[in-house]
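Peer 1: Residue numbering for the sequence shown follows this note's numbering, beginning at 371 and increasing consecutively.
In case anyone wonders, no lab produced these hints; they're calculated from the structure. Incorrect hints may appear among the rest.
Computed Cβ-Cβ distance ranges for the label pairs, DEER-style [what the hints assert, rightly or not]:
1. PRO399 to VAL487: 34 to 42 angstroms
2. CYS428 to PRO493: 16 to 24 angstroms
3. GLU478 to CYS428: 29 to 37 angstroms
Here the structure is a predicted model, which is why all the values come from computation and not from measurement. Don't be surprised by glycine CBs; every beta carbon is placed ideally from N, CA and C.
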Amino acid sequence: MPRYKDEPLAVRVYTVCDESKYLIVRNVPALGCGDGLKQLCATYGEIEDCKPMDAEECEQFTGVYWIEFRQIKNPRFAKRKLDESVFLGDRLQVSYAPEYESLSDTKEKLQGRRKEVLVRLKPGRSRGYEMNYDGVRHHPLSDTSSQPSSFQLDYKQGWYDQEKDKVSQASGSSITRVSSDQDYFPSRSMNETVRMVREKLNNVSIW
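Required output: the full structure, derived from the provided sequences and hints.
Peer 2: This is the structure we're talking about:
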């Protein structure tokens, strides 16, 4: 294995032209594990073809495989997960192979990327929500209308009426007042203390 693979790699940015539905997987153990590699890659998307590349230069006891995915988004995810991952004891090296694209493949790739960008730049689209004609946000996957249903309106109106009645009853009810001369405690001293406190409070309220 090359020494540079053990060192931290620099960050690399891929454009849509660099990406491709074709991948080249290097450093695959030469153990006849093509079917196992195909099954591993199939977990990230549907595969059209997977075959060894005997003409490619590789290290001893390793092989190189050429993989074709059906959709461009699948190899993007597969490369991110499989590159530098360990497969049967060896660390895989996965790279895009846009040189194997035909003119129609490149055209399809660019058109698909253009549609993705237009969807992301769509006005009023934020975190899965869209803005309808009256300015109310709603989820695009929801079939329900943004306007409240009659059941919701009736329920809210009934709740409001109940709360209103409670407030009116509370305000209209008379407040029970207790005479200051009434004894609350069996002990005479405690009752006298209560009277003294009440008298002081009455004097404070007068002033």
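Peer 1: Hint numbers the structure violates, sorted upward?
Peer 2: 2
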